[in-house]
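Since the structure of chain A is provided, determine the placement of chain B on it from the hints.
Listed in order, the protein sequences are those of chains A and B.
When we follow the working numbering, the leftmost residue of the first sequence carries the number 1, and every step to the right adds one.
When we follow the working numbering, the leftmost residue of the second sequence carries the number 1001, and every step to the right adds one.
These are calculated hints, taken from the structure and not from any lab test.
Please note: incorrect hints may appear among the correct ones.
Unchecked claim - In silico DSS-like links for lysine-lysine, alpha-carbon gap of 30 Å or less:
| hint | chain 1 | residue 1 | chain 2 | residue 2 |
| --- | --- | --- | --- | --- |
| 1 | A | LYS206 | A | LYS248 |
| 2 | A | LYS72 | B | LYS1002 |
| 3 | A | LYS109 | B | LYS1199 |
| 4 | B | LYS1199 | A | LYS132 |
| 5 | A | LYS127 | B | LYS1199 |
| 6 | A | LYS69 | B | LYS1002 |
| 7 | B | LYS1066 | B | LYS1056 |
| 8 | B | LYS1199 | A | LYS59 |
| 9 | B | LYS1199 | B | LYS1002 |
| 10 | A | LYS132 | B | LYS1002 |
| 11 | A | LYS169 | A | LYS109 |
| 12 | B | LYS1199 | A | LYS69 |
| 13 | A | LYS248 | A | LYS225 |
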Amino acid sequence: MEFLEVIHVSRSFGPVNALLEISFTVHRGELFGLIGPDGAGKTTLFRIVASLLLPDEGKVLLKGHDVAKDYKQVRRIIGYMPGRFSLYHDLTVEENLSFYATVFGTSLKESAAYVHRVYSPLIPFRKRLAGKLSGGMKQKLALSCALIHRPEFLVLDEPTTGVDAVSRKEFWEMLEELRDMGITILISTPYMDEAGLCDRVALIDKGKLLQTGSPSEIVRTFPAKLYVIRGENLYSLLGRLRKSPEVKYAFMFGREIHLVFRREPDDPARWLGPLTGTVDGTFSIDPLEPGMEDCFVELMGKKEPVDGEENV
Amino acid sequence: MKRFLCFVWKESLHIFRDYRTMLILFGIPVAQIMLFGYVITNELKDIRIAVLDHSKDEATREITRKILSSGFFILDRTLDSADQMEEVFREGKVKEVVVFPPGFAEKMQRLSGADIQLVADASDANTARLVVNHTSAIIRDYLQKRIAETSMPMKITPGVRMFYNPSLKGVYMFVPGIMAMILVLVSALMTSVSIAREKEYGTMEVLLVSPLRASQIILGKVTPYMVLSVINAVSIILLGNLVFGVPVQGSNVLLLGVSILYIFLALTIGIFISTLVRTQQMAMFMSIFILMLPTILLSGFIFPIENMPKILQWFSALLPPRWFIVIVKSIMLKANGLLYIWKELLILAGMSLLFLVMSFMRFRVRLE
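Excised from the complex, chain A in its bound form:
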């Protein structure tokens, strides 16, 4: 029996299909990431997993319990952290934690060892109102609250959104430690760079599951050869590249252009020369190992033609 099975789950809100036929499994003890842009359906899916929403079709099994029917058992197994850190801003750090502890039928003392790793950085601020904490501290407190009843399964909805880079890194280190303690973790994030930190990921966009697998598997299955173009005035160049018949798609990636050819020229550098003609500056084009975001763009392109072009 798999730890978590999501089976053909669909859910719509009025005319909007938030989720379409989503299926994947999460193994016990795994750090599983759901990666997708805003509005992809991550939160909806997590609410269904946490038994807060019912799917229109399909079902979710957690340790064999149907989350729709046996929601009481399921809720005991799950530690759920919603997208907005669910804290009482007018209560102090300690009050928040002990409130959740009592509500979940435990106490700070009993769970001290369990939450210690996450909570200990907050101890100096335990008399501070939760509303006055920084984003990173709020995140840690919310995680402590989700952990307070010693759940086997953590469901974390975009815990790193709106949190600074250092706190994000710390947070992922904590998650790895929690996983090593035996907790299965399901996490969602819009940040592609965080995908690499998961054991396995599912890529999701517009309610559809694009691909599931370990980060290295996903990167390995990138079907084309990827090039990177560096230089100045890249925005002027991008338009020209997209009009070129040889280019399948090109997109800005930070201060670079990532590009995949439809028909790869023998010498990309020579091919690029004429295109840059009237654009100022010098440009270089090199092959590149694809990252998660490249895979994502490639997969999105498969589902829907980019720039109105036909699929190849």
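Same frame as chain A, but now just chain B:
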């Protein structure tokens, strides 16, 4: 139980840490009652009156002197005929005319007794009533003393006439009205807003996945407001009594019991509203438009229900404060017992049950 208490404790912290909530809870009732109290009482002092004395005997002079020496009244002028009354009232300075019929002292000793007419300018209904009440009291006082001195049965019947607004229907007793309004405000608005806040902050999601039952969440939310509302009800009655002398003629226990029922009803309405909305703002709007404004306008608090168009009268029958005001007036002013108010009580109880059931039906263990 421990969970429930913890919830109540948490809820109380929310209330006590937010100065705005505290202001609404305790500032507004006091401010309202002071405002309404002072606007309405107008403090009787130096009210100008006129005397039309057809008798001019010892008794009428004595009564006139007593009225004028009470400190409330100043003699503006003495009239010679009834025709002048209209004129002095039109001028607006004189608020009351005391009319003694001919042969007053003599009639007093007869079995039929003497009549005295108190004519008041009731364009300001409250002042008129106060003026007349004070004058009547002074006359009664005079009469009692005379009876004690002479040990002879005597009788004066003050005949009261209110000019311009003869039935005095517009007179509202502000304490029941304010109680009705404040308790709805505190109970319904505050609970609905505080539940909506949990939804807005996402804490409701966690409470829902927690082992707390829906009833525990709801009761935990409601209990602190229940306690505070009862305190509010008591302080309104006390303020009305101590500052403005509004008496509680009937049973205090009954009054408190009725108030608790009404508070409970308001709380269930608050919970029901919170099941309909997603944000605090929506909760606030709903509470104000569905409860506050109708309470002020249609419950008979300020505008008499009898004067409303039929449709609005029916509508006002749907409003809990309408019945509550009737009950409170009945207990406070008429000293009526359960026998006279059971119908209204039944209506309130029925409404509570209705909203309670609807709330539990709408309160989901899930988000939608």
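Tested hints:
1. LYS206/A x LYS248/A: At roughly 22 Å apart (the allowed maximum being 30 Å), LYS248/A and LYS206/A satisfy the hint.
2. LYS72/A x LYS1002/B: holds (20 Å)
3. LYS109/A x LYS1199/B: Holds - the C-alpha atoms of LYS1199/B and LYS109/A are around 29 Å apart, at most 30 Å.
4. LYS1199/B x LYS132/A: holds (20 Å)
5. LYS127/A x LYS1199/B: holds (25 Å)
6. LYS69/A x LYS1002/B: holds (28 Å)
7. LYS1066/B x LYS1056/B: holds (15 Å)
8. LYS1199/B x LYS59/A: holds (26 Å)
9. LYS1199/B x LYS1002/B: Distance ~23 Å between LYS1199/B and LYS1002/B Cα, so the pair holds.
10. LYS132/A x LYS1002/B: holds (28 Å)
11. LYS169/A x LYS109/A: holds (28 Å)
12. LYS1199/B x LYS69/A: Given that 30 Å is the threshold and the Cα spacing comes to 24 Å, the pair holds.
13. LYS248/A x LYS225/A: At roughly 11 Å apart (the allowed maximum being 30 Å), LYS225/A and LYS248/A satisfy the hint.
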